[in-house]
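Student: The lines below spell out each chain.
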Amino acid sequence: MPKRRYTTISIPIPLYERVKKMIEGTGFSSVSDYVTYVLRELVASYEESKLDFTREDEERIKRRLRALGYLD
Amino acid sequence: MVSRPHGGRLVNRVASDSRREKILAEAAELPQIPISVEKAIEAENIARGVYSPLEGFMLSEDFESCLTRMRLASDVPWTLPVVLDVEEGSLVDISEGDEVLLTLDGSPTALMEVEEIYRYDKRRTAVSVFGTDSPEHPGVRRTLKMGDLLLGGRITLVGSVPNPYERYTLWPIETRVLFKEKGWKTVVGFQTRNAPHRGHEELQKTALAFVDGVFINPVIGRKKPGDFRDDVILEAYRALIRHYYPRDTAVLAILRYEMRYAGPREAVHHAIMRKNFGCTHFIVGRDHAGVGNFYPPYAAQEIFREFPDLGVTPLFFREFFYCRRCGGLANEKTCPHPESDRVRFSGTKIRELIERGEVPPPEVMRPEVAEVILSFEDPFVR
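Heads up: the sequence lines are chains S and D, in that order.
The first sequence begins at 1 in my numbering and counts up by one.
The second sequence begins at 1 in my numbering and counts up by one.
Careful, some of the hints might be misleading.
[Said to hold, decoys possible] In silico PhoX-like cross-links for lysine-lysine, where the CA-CA straight-line distance does not exceed 20 Å:
no., chain 1, residue 1, chain 2, residue 2
1, D, K223, S, K62
2, S, K20, D, K349
3, D, K349, D, K223
4, S, K62, D, K349
[Unchecked claim] Listed next, with one range per pair, are the computed distances between beta-carbon atoms:
no., chain 1, residue 1, chain 2, residue 2, range
5, S, S30, D, D341, 21 to 29 Å
6, S, D72, D, E368, 44 to 52 Å
7, S, L68, D, R344, 50 to 58 Å
8, D, P362, S, R64, 32 to 40 Å
9, D, A25, S, T8, 26 to 34 Å
10, S, S30, D, T132, 23 to 31 Å
Quick caveat, the hints were computed from the structure, so don't treat them as lab data.
Computed from a predicted structure; not experimentally measured.
All C-beta atoms in this analysis are idealised placements derived from N, C-alpha and C, irrespective of residue type, glycine included.
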């Protein structure tokens, strides 16, 4: 059986109605589509960033960049 | 701070020296799968973070999710399959759970943990990715010729792919350090597979007016007859930057990558790769990554609306032209004059002039750029 890809979240009905009215005539085909869009945008701005390199890595990279003429 | 890597973490699947030695010592006992140079380049791009967050060739869950939702199973935007296809008969003694060595011309390229071997529908894949199953489309033709099985699993890079342009090759971790050292907080990525004309320059400079730097990233790889040669493109860009860009505002480095000509989906993929290089913005012009008349001219701009969480800002441009009455570069948003006043940048016409050894007019191509191109005995792929 395929893995479930969606779940249900409850929002107040008056809010649902307002959003439904708001998206009329836009490219959003449902309130769920709109809420997914907004949440993705919001979540993306909070996601953690991780760069795995040490000071030695950075120095080694800078040496290569200098050798190639990208850095003075 | 430049852009976060896609999916939050810059992937590094390059074997350490000790791990590489160990893998190579065991190489004779491992099953081997010969791969093409294009697949070896894909493996290198995965391992060096160009395709972050992918750590290997796609498993079926990501592949399906990519086709149907343009996202990985984790919900991260991802629009093009990155897969390893093989012919069914070639998998003697290889099954899920095995480690195999991917080899290029007999030399080890990467160790792959084969997590999954799965079937797929080639025609459905072509229609999902390219929006057509027409054999006129080069991406469709290539998809229909792929092997019947896909192998999914993490890879560890143990070799490098021969590269004639090492001098111009930078990886995401290197561009990130470079942009930081230059003090660039905002960087716009520019995808190209052509020698620069004035329209390209105008796109870059318009974007450059409100970011710190431009990352000019020509795609180097298999080309069609009549295309500019890779070395010509690089030398032409060097001349353009030297003569027409303020110091420390442009970085030129190549991307080894095989174009799919998937139009809108590929435009998003191009943006994701440049995000991994550290770009905060990405230029999307007319018919980006298109071929023939398969995609409407600005479809590659419209698709970005579906990705509020892409993490790189697309900059959309209408096509630039030279307007005789404006006396400069313009586009339909900035110029009110009729078509008769406009000089369009036709790649075909530029090629025809150069084929005849003639210098294109300065409103079409910078003389210094034309001079460099004409200094090559034959600047075109035959």
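Student: Does each hint fit the structure? Answer for all of them.
Tutor: Each hint, compared with the structure:
1. This hinted pair does not check out: D:K223 and S:K62 have alpha carbons roughly 32 Å apart, beyond 20 Å.
2. Between S:K20 and D:K349 the alpha-carbon distance is near 51 Å, which puts this suggested pair outside the 20 Å criterion.
3. Between D:K349 and D:K223, the direct Cα distance comes to roughly 19 Å. Compliance with the 20 Å bound is thereby established for this hinted pair.
4. Pair hint S:K62 plus D:K349 does not hold up; C-alpha atoms about 42 Å apart against a cutoff of 20 Å.
5. The hinted range of 21 to 29 Å is not satisfied by S:S30 and D:D341, whose Cβ atoms lie roughly 47 Å apart.
6. A hinted range of 44 to 52 Å is violated for the C-beta pair S:D72 and D:E368, which are about 23 Å apart.
7. In this structure, S:L68 and D:R344 break the distance hint of 50 to 58 Å, their C-beta atoms being roughly 37 Å apart.
8. Range check, D:P362 to S:R64: Cβ separation about 37 Å, and the 32 to 40 Å hint holds.
9. Look at D:A25 against S:T8: about 54 Å separates their beta carbons, and that is not inside 26 to 34 Å.
10. For the pair S:S30 and D:T132, the supplied restraint of 23 to 31 Å holds, since their beta-carbon distance comes to about 28 Å.
Against the hints set out earlier in the document, violations occur for numbers 1, 2, 4, 5, 6, 7 and 9.
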